[in-house]
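*Asks:* Protein chains in written order, with this note's numbering: chain A, 1 to 298; chain B, 1 to 180; chain C, 1 to 621.
Hints were generated in silico from the structure; no laboratory data involved.
One should not assume that every hint holds.
[To be verified] Below, computed lysine-lysine pairings styled on PhoX-like, alpha-carbon distance capped at 25 Å:
#1 B:LYS168 / B:LYS6
#2 B:LYS6 / B:LYS111
#3 C:LYS219 / C:LYS566
#4 B:LYS154 / C:LYS529
#5 A:LYS175 / B:LYS160
#6 C:LYS532 / C:LYS363
#7 B:LYS111 / B:LYS154
#8 B:LYS167 / B:LYS153
#9 B:LYS153 / B:LYS168
#10 B:LYS111 / A:LYS53
#11 B:LYS72 / B:LYS6
#12 B:LYS72 / B:LYS167
#13 B:LYS72 / A:LYS26
#14 B:LYS154 / C:LYS349
#15 C:LYS479 / C:LYS529
#16 B:LYS145 / B:LYS72
#17 C:LYS291 / C:LYS566
#18 B:LYS160 / C:LYS532
#19 B:LYS111 / B:LYS167
#20 B:LYS153 / C:LYS579
#21 B:LYS171 / A:LYS53
#22 C:LYS529 / A:LYS53
#23 C:LYS151 / C:LYS291
#24 B:LYS168 / A:LYS53
#25 B:LYS167 / B:LYS154
#26 B:LYS153 / B:LYS139
#27 B:LYS72 / B:LYS168
#28 B:LYS72 / A:LYS53
#29 B:LYS111 / B:LYS145
#30 B:LYS153 / C:LYS532
#31 A:LYS53 / B:LYS154
#32 A:LYS26 / B:LYS139
#33 B:LYS153 / B:LYS111
#34 C:LYS151 / C:LYS579
#35 A:LYS53 / C:LYS532
#36 C:LYS566 / A:LYS272
#37 C:LYS349 / C:LYS436
#38 C:LYS219 / C:LYS151
#39 C:LYS529 / A:LYS272
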Amino acid sequence: MNIVWTVLGIIGVYIYGVFLMGLGRKISARVQLRYGPPVYQNYIDILKLWTKKTNISHGIMFDLGPVFLLTGSIGTLLLIPIAATEQLMYFGFSGDIIVIMYLMVFGSLGFALAASQGANPFGIMGISRALTLLAAYELPFILGIVILMMDANSASLSNIISHQAGGYMNWYIFKQPLAAIPAFIALLGMMGKQPFDIPIAPQEIATGPMAEFGGKYLGMMMSSHAIFMTAKYILFVNLFLGGAGNPINMIFKVFLIWLFPLFVGLVYPRFKTSQAVRFFWGVPSLIGLIGLIIHWLR
Amino acid sequence: MIEKKKRNIFQIIDDWASARSLWLLMYCTGCGAIELPPTMTSRYDMERFGIAPAGTPRQADILLITGYLSIKTLKRVIRAYEQMQSPKYVIGLGSCTINGGMYWDSYNTIKMLDLYLPVDIWIAGCMPRPESVIGGLNKLSDIIKAGEANGWKKYNENLKWYRANQKKVIKKWDLPEFNY
Amino acid sequence: MVNVLYFYAMIMSIVLIYIIGDISKILRNILAIFIFLYSLVSTVFVNEAGFTINVMKSMNLNMSFSYSGIGTFFVILNHIAFGVILINILNNINKKRDNGFLFNIFLIFYLTTLLFMSSNLFTFFIMWEFISILIYFNIGIFDKKENSGLKYILMNALGGMSLLLAMAMIFNFTGTLDFERLSSLYYLIPRSQAIVIILLFTFAMLIKSAFWGLHTWVKDAYMRSNTCFTAYMSSVLSKIGIFGLILLFYKIFPYDYVIQIFTFYNIQFFRIFFTIGGSITAILATIMAIKEQNVKAILTYSSIAQVGYIIASFGLGYRWSIISIMTITTVHLLIKTSLFSDLSFIEYKTGQTDGVELGGLIKVIPFTFVSTLISIIALAGIVPLMGFAAKWIYFENMFISGHYIALIISFLASTLAFLYCYKILSIVFLGIINEKNSSINYFSSLGDSIVTIVNMIIPIALVIFGFYPYPFFRFMFEKISKILPSANVFLSGNFIESSIGYWNPLNIATIVVIIFVSMFIIFVLLMRKPRKVSQYDIAMSAEPVRSHNNLHYVMNFYDGFLEVVKPITSKSSKRFYGKIYGFIEDIGDVLRKLHLNSLTSKNILTGIIIIVLIIVIWSAV
Ligand code: SF4
């Protein structure tokens, strides 16, 4: 029965993630005074990519790239409890937050190899930017996480969730604002939305790592992106918004957090790589450090 | 000519999806390029039909030729077209792609794009307004939905003929044969 | 079976290798492998023995070797690493004059084994000095022009001197150098002298294991020597310093005593020094590695960085340090052996370690690629492989022992490690293949195939122990329990648990494998056979590209990042030491002026010197 729930959960997250992507396009269109595509546009896009008749391949690592990505995304998803019900906890008991953080890079690094075998200099350039960005936002993120770990005195995600029980004032976003601020700024980088879409940057490096991928490969990658994006939001809900008792609650909370990178992205133009690193290692990290020291002294 | 075959349900779904999600690779060497920014942005907003710009040829569905092609640029266009994944479509924008337009007398431009690449739809005008660009794209969408936009099949089947035409104008042919 | 016979038989046979090498290559190779196997059998598979060689009976100085506890672990690791490297060496050396090299590295291997078996400080010191000198000879073989060997021997002589001084002081107070007896006699050493001893000892060990600031010899020494030898230096010889520190913390003095005498105002400075210093070593070396484009240099700095994590682990605490140290040491030793062995194969075939000339080698040596890939994944610490075990234990223990700042620094360092990990794979194996390299016959002899297979052994072990690390941990806990009653990380069922977290390697590996396989099946089912395109057929080249250096992306790989860290990378430690030198010179200048100017200043100076001398003598007595 567990398998069925797992598969259902993955499919649910996938559908929700694609829906959010489409909704994001609609909302940004409305902000820019456009009509915008239909909300279900991204389903059609993925369907179309799946129905492409031909594909090209640069070699075995190139082929495995999308598989790596999907493995990384689904693996990450399975370690993060979607809701407190028994069926939707999945494998949350097999690893703590450090395991999750290292599993999160599994897919991206596997995909990096694929982009690299594509031999497109733009692809490698995009990967090098993406890894730089990863290193950049990891600092504020880990600062936030360490503060939470100190507060809950545990690295286990379920313990962190249970520490936020009892009313929304117990959520870490309100209880530990100095942890939440750097972590949420790191979320902007994690999502790769506008101010930090340096790895993709269609106008500069022609979608970077994806430059060589078309057709079904691209379809797999978009699917993976939808799952991975939602998994990260779910992780953030669990960390800062007290998790969720049931899936509906989780859907709502994810939607709330999802609005934040979306609107930030609509306002700010793209950073340069070095600017992004300086930004993340500057003010957000400082806030996190202050939070850490305050919590330490207490 | 390709015979019109009876499509099964999967092909119908395929065609419907392809028609509703068109990613453009814009080849902007002609004057028509200037009409594309308004087509994409808030004023005319082609995204409401599911039409979006694509980053690279590998991801694109439509190759949009925005006007006259010199012999030098034709080479690039051919290469870009052959790197696209089928089903793929070509749109000729402006009268230059149809019959040479005002470059009829030019020693250095090609006159009929259709001799070199299988054009699925032409948008006439010099230059066509965004309305007609969107109109053309919608027309293409209809044709795809009906399963009749088979330019890429035509190209595959008549590759020899196209190659001969291409080699006729491109004197120093150094496109690698691995392309197709 | 570890007895005097082993001691003499090894020396005899190593000399024999040198002599036979002149006669026949094949005979030499067979003999070398035979000697290695002999050493393996007599040390690894036979437990619990020891022997003593009397050097100075009157002073009670013996070379005594015992085989127990944590040293065993190092001996086993030494044999694993050397076994793999030996096969590479035997394949790579063809000329007769390379016999000296083989002789040398065999001797170093043998002495290192003895060093890990030493049961008193005197033996440790003798082996240490021998190894230092032999390494100097070895670097000298390959580097005739530059003075990297000189740099190395000067730094290590400094370390050897302080080790000797510390040893003399210990002997002065306790009258013994035996570890077993020292651990109960340490209280005879007065506190102030204990501080000096610990500082001297630590200094010596930190030089050997390339602490940041004392690492200046490393890059040249690693870069100039044969890649096989670099492999051995990076994997095993850098651990000698670690082994010495373990001796200091767990055998000569009790851990808590060492920490306690450096505690002032309730702050445990020594722990802070180790954790912060180690983490800073890790992050700075990582940043330097990112900057390099020669693969050997990248791996060199990566080696310094990994040793930085190990050094940081010493500050974690009595029960927490050792398990973290041992896991990272094991993992790093295996990974670096594998990576450098692969690199040596590549260098042997292409004559290059510079990323600019390499690229696209996956097409010609796929097995080497797989082996490197697995090792790199382990190095980066990605989840299902064994490298993550080390990272996980390290981070959990960092958190539990309350070193939050060091935790964050090292977490950032290990994230930055992804950058160079990816860079290695990208510039060597992926991307565009160099025309020069594509025409080489990579499997021209039987030796090449054997090397390729042997180089796969460690990566396979990394995968297996990544999925199922329990035997490894059980074995390690057993060895650790000989010097330490209990550890804080423990196994319960399939879980590895610490007091704040848990991790189920088998479960996670299973999840990853199942998802990977099912996704792969979906991929194969839905994907019609894709069309293979040539490597130059990329979407961005309007004009067809036909040469390697137009598309191979190596230079300015992380320029956005390097722009940010430029203040760090541009200030090399060379300049730092130059400044110190200048400063000392300036002081000397001032003193000389004082000295010359007047009689009183002369007297004052003499007085100061006498006082300093008195203090030194007093504290040493
Ligand atoms: S059709 Fe007219 S606008 Fe278009 S390229 Fe030709 S001349 Fe220019």
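*Asks:* Work down the list of hints and note, for each, if the structure agrees.
*Replies:* How the hints compare with the structure:
1. B:LYS168 / B:LYS6: violated, 37 Å
2. B:LYS6 / B:LYS111: violated, 35 Å
3. C:LYS219 / C:LYS566: holds, 19 Å
4. B:LYS154 / C:LYS529: The hint holds at about 22 Å.
5. A:LYS175 / B:LYS160: With Cα atoms ~71 Å apart, A:LYS175 and B:LYS160 exceed 25 Å; violated.
6. C:LYS532 / C:LYS363: holds, 13 Å
7. B:LYS111 / B:LYS154: Holds, at roughly 20 Å.
8. B:LYS167 / B:LYS153: holds, 20 Å
9. B:LYS153 / B:LYS168: With a Cα-Cα distance of about 22 Å, the restraint between B:LYS153 and B:LYS168 holds, given a limit of 25 Å.
10. B:LYS111 / A:LYS53: With Cα atoms ~31 Å apart, B:LYS111 and A:LYS53 exceed 25 Å; violated.
11. B:LYS72 / B:LYS6: violated, 41 Å
12. B:LYS72 / B:LYS167: This hinted pair holds, its Cα atoms lying about 12 Å apart.
13. B:LYS72 / A:LYS26: Violated - the C-alpha atoms of A:LYS26 and B:LYS72 are around 40 Å apart, more than 25 Å.
14. B:LYS154 / C:LYS349: violated, 48 Å
15. C:LYS479 / C:LYS529: Roughly 52 Å separates the two Cα atoms, so the pair is violated.
16. B:LYS145 / B:LYS72: violated, 34 Å
17. C:LYS291 / C:LYS566: holds, 10 Å
18. B:LYS160 / C:LYS532: holds, 21 Å
19. B:LYS111 / B:LYS167: Answer holds: B:LYS111 to B:LYS167 is near 15 Å, not above 25 Å.
20. B:LYS153 / C:LYS579: violated, 73 Å
21. B:LYS171 / A:LYS53: violated, 33 Å
22. C:LYS529 / A:LYS53: holds, 10 Å
23. C:LYS151 / C:LYS291: Roughly 23 Å separates the two Cα atoms, so the pair holds.
24. B:LYS168 / A:LYS53: violated, 30 Å
25. B:LYS167 / B:LYS154: This hinted pair holds, its Cα atoms lying about 18 Å apart.
26. B:LYS153 / B:LYS139: holds, 19 Å
27. B:LYS72 / B:LYS168: Status holds; Cα separation ~13 Å.
28. B:LYS72 / A:LYS53: violated, 30 Å
29. B:LYS111 / B:LYS145: Judged against 25 Å, a Cα distance of about 30 Å means the pair is violated.
30. B:LYS153 / C:LYS532: Distance ~20 Å between B:LYS153 and C:LYS532 Cα, so the pair holds.
31. A:LYS53 / B:LYS154: holds, 15 Å
32. A:LYS26 / B:LYS139: holds, 24 Å
33. B:LYS153 / B:LYS111: Holds, at roughly 23 Å.
34. C:LYS151 / C:LYS579: Measuring from Cα to Cα gives roughly 18 Å; hence the hint holds.
35. A:LYS53 / C:LYS532: Since the Cα atoms of A:LYS53 and C:LYS532 sit roughly 15 Å apart, the hinted pair holds (cutoff 25 Å).
36. C:LYS566 / A:LYS272: Cα-Cα ~16 Å, so holds.
37. C:LYS349 / C:LYS436: holds, 11 Å
38. C:LYS219 / C:LYS151: Distance ~10 Å between C:LYS219 and C:LYS151 Cα, so the pair holds.
39. C:LYS529 / A:LYS272: Not satisfied, since the Cα-Cα distance of roughly 39 Å exceeds 25 Å.
Hints 1, 2, 5, 10, 11, 13, 14, 15, 16, 20, 21, 24, 28, 29 and 39 from the list above are not met by this structure, while the remaining hints are.
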